[in-house]
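What follows is the residue order along each chain.
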Amino acid sequence: MRDGDDEIDALLRALDHPAPRVQVEDIIARAQPRPRRRAAALVAAGTLLAAGVAAAAVVPATPLHRAILHVVALVAGDRRSAPQPPARAAQGTTVALVPRARLTVRFLAPPPGVQLRVRFAPVAQLSLVPEGGDAAFAVGGDAIVVSRAAATSFVLTVPSALKELRVERDGVPVFEKLGDTIRTRAARDAGGEYLLELDAPAR
Amino acid sequence: MPVRRSYEAEFRQLFDAQFASLFRYLDRLSGEPELAADLAQEAFVRLYQRGSLPDDPRAWLAAVGANLLRDEQRRTARRHRILAVHPEGAPQGAAPLAPDEAYDAAADRARVRAALDTLPERERRMLLLRHEGYSYREVAHAVGVRETSIGVMLARAGAALRAALRGAEARDVGGDDA
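Chains as they are written, first to last, in this note's numbering: chain A, 1 to 203; chain B, 204 to 381.
Read the hints as simulated data drawn from the structure, not as lab findings. Careful, some of the hints might be misleading.
Chain B stretches covered by chain A per the calculated footprint, using a threshold of three residues with CB under 8 Å from any CB of chain A [unchecked claim]:
no., segment
1, 231 to 237
2, 244 to 252
3, 258 to 269
4, 363 to 370
For glycine and all other residues, C-beta sits at the position ideal for the given N, C-alpha and C.
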């Protein structure tokens, strides 16, 4: 390095602290899924959800009440009464909608390290929640487009009844559900969830 | 999550070689050693969960660490400001300094920190990565700029840092004279 670089090197060393002693085994242990805690959390979440659904379902004019009416309408084959998800764009919010038979989630240029957790649940609404930061969402035409993601992870909760789901990263499919068939390179963890690295090479 | 043995061996090797460097980069970037330690560990956790090494693992770790830091700073912006205006104490684990030496060391740290903080975030990251031994290519991947632009941008960032330090020294001398 040149003299100027040496000078900056010396200055930057004034900022340094000794690195902590961390064992790689600790890192690997932290990276493992924790089935027991996850199962307990799922049971607790399921109980709360059931209680919430029961309470909200009987209150007219709530989003959940409308969502249930929407699902009932779909089951009854009355598509005319089913409200369409309005096209909209939002920043730093959670996306929640009642999907029709198919839905595509498109991530545009996700930054390195972004993870997506996909979980299926017996719910009517699909939700996409950014964690650790914001993202810009655009919703419409059976698709959710996620751009300018500063979030470190997303949680996609999908109604178990949804027939077709496709998740793309820059046009490349990384997760597909067609009926009961799921295609992804991500492994299903003990809690039944899929953890996708959005910048990992797609198969 | 099933992880191949060969990947685990590669991961362990990378961790042994790069953890201290990633910590130092994040420590210099954030000014908070405890936070830097957490973020460096989290970046390696994410790398392990990824299941395969990216093309440029050092650049990937630096980018993920910086993204995690940005998220953390958004959440705790107020706390960060408060820490930044007060000179830090002696580095952890360092031999105790005499009171006047400790004062000088803290003042030096505060001066360099303040000068570094005058740089735009991208230039600050580039400068710190380069002085952590990253190649132009790695810096370009980590920061998201073209490799051909790195040389010029680094030269400007270095000049800006030196100018900020000279400005601070001039103000100190002026303050002492007054």
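A quick look at each hint next to the structure:
1. 231 to 237: Coverage by chain A holds for the segment 231 to 237 of chain B (3 residues, Cβ < 8 Å).
2. 244 to 252: With 7 residues close enough to chain A, the hint holds.
3. 258 to 269: holds (count 3)
4. 363 to 370: holds (count 3)
Of the numbered hints listed earlier, not one is contradicted by the structure.
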